[in-house]
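Could you build the full structure based on these sequences and the hints that come with them?
Under this note's numbering, the letters of the sequence shown match residues 3 to 184, in that order.
Bear in mind the hints are in silico, worked out from the structure with no lab data behind them.
One thing to keep in mind: the hints can contain errors.
Pairs of lysine-lysine, DSBU-like flavour, derived with a Cα cap of 30 Å [as the list claims (entries may be wrong)]: (1) K41 / K113; (2) K36 / K113; (3) K36 / K49; (4) K59 / K32; (5) K134 / K33; (6) K63 / K32; (7) K41 / K79; (8) K176 / K36; (9) K136 / K36; (10) K59 / K79; (11) K113 / K146; (12) K32 / K79; (13) K176 / K63; (14) K152 / K113; (15) K152 / K79; (16) K152 / K136; (17) K176 / K152; (18) K134 / K113; (19) K136 / K33; (20) K79 / K33; (21) K146 / K36; (22) K79 / K113; (23) K152 / K41.
Quick caveat, the model's predicted, so the values are computed rather than measured.
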Amino acid sequence: MQRRNFIQSTLVAFPLVATSAKTDAKTRTKKGFKVESGKDRFNQPIKYRGVNPNDVKISAKDTDGQLAIFEYVGYQKIGPQLHVHFDQDEIFYVVEGEFLFQLDTERMTLKAGDTIFLPREVPHTWLQLSDKGKLIYFLQPSGKMEEFFKRMNELQGPPSEALIQEIHQAHGMKVLGPPISL
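In structure tokens, the structure reads:
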């Protein structure tokens, strides 16, 4: 009798679980869309370090957090601090220019047409070597990168090291060291 009750209660609960999964999927984009060159998905461009466009092309909101795609156009020979993502893999495709990537302790130069895979939990950074550069990069799953870039963009003046770590931690990352220098 206990087995029958278990089976019946499981069968009754199954449609509730299936329905809740469908409810979550309602946030996913149901229609295709186009994002024009030089534009942000939501017309809310984010400037990396106040100068370089870092536009959302495919939002976490479009994919239920499964994927985010950004386009970065660099006009400065800069890059991020050495950092690690706890839950996201990153893939960078170089559209224009030349970049030096560091993956753990290995360094590689990438040029237009090259792709690099940066697994989660592996320290990495990059530096733009050319006067102008352009990257398309993917985060899978998307994590909180859109929110991270918006938060960093809101800062007034240089943040303290403690604030940098706090913001990174809140968005699933940790800073491990300085950026690459020439």
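The hints, checked one at a time:
Of the pairs offered as hints, the one joining K41 and K113 holds, with about 23 Å between alpha carbons and a cut-off of 30 Å not exceeded. With a CA separation close to 27 Å, the supplied pair K36 and K113 stays within the 30 Å bound. Restraint check: the Cα-Cα separation between K36 and K49 comes to about 21 Å, which is no more than 30 Å; the hinted pair holds. For the hint pairing K59 with K32, the CA-to-CA distance comes to about 16 Å; that is within 30 Å, so the pair holds.
This hinted pair does not check out: K134 and K33 have alpha carbons roughly 34 Å apart, beyond 30 Å. A C-alpha spacing of about 11 Å is found between K63 and K32, which places the hinted pair at or below 30 Å, so the restraint holds. The straight-line distance between the Cα atoms of K41 and K79 is roughly 22 Å, inside the 30 Å bound, and the hint therefore holds. A threshold of 30 Å between alpha carbons decides the hint, and for K176 with K36 the separation of about 33 Å lies outside it, so the pair is violated.
At most 30 Å may separate the alpha-carbon atoms for a hinted pair to count; K136 and K36 meet this at roughly 19 Å. Annotation: proposed proximity of K59 to K79 holds, straight-line Cα distance about 23 Å (limit 30 Å). Note on K113 and K146: the hinted pairing holds, with a Cα-Cα distance of about 28 Å set against a maximum of 30 Å. For a cut-off of 30 Å, the pair hint linking K32 to K79 is broken: about 39 Å separates their Cα positions.
Taken as a hint, the K176 and K63 pair is honoured in the structure, with Cα atoms around 24 Å apart against an allowance of 30 Å. Of the pairs offered as hints, the one joining K152 and K113 holds, with about 28 Å between alpha carbons and a cut-off of 30 Å not exceeded. Distance restraint check for K152 and K79: the Cα-Cα separation of roughly 22 Å lies within the 30 Å cut-off, and the hinted pair is therefore satisfied. Distance hint between K152 and K136 is fulfilled; the C-alpha atoms sit about 20 Å from each other, no more than 30 Å.
Proximity of K176 to K152 is assessed by CA-CA distance (about 17 Å); at most 30 Å being required, the pair is judged to hold. This hinted pair checks out: K134 and K113 have alpha carbons roughly 12 Å apart, not beyond 30 Å. Distance restraint check for K136 and K33: the Cα-Cα separation of roughly 28 Å lies within the 30 Å cut-off, and the hinted pair is therefore satisfied. With a CA separation close to 38 Å, the supplied pair K79 and K33 exceeds the 30 Å bound.
Of the pairs offered as hints, the one joining K146 and K36 holds, with about 22 Å between alpha carbons and a cut-off of 30 Å not exceeded. A distance of roughly 14 Å separates the Cα atoms of K79 and K113; the hinted pair therefore holds under the 30 Å criterion. As the CA atoms of K152 and K41 are separated by approximately 16 Å, the hinted pair is consistent with the 30 Å bound.
When held up to the earlier numbered hints, the structure conflicts with 5, 8, 12 and 20 and fits the remainder.
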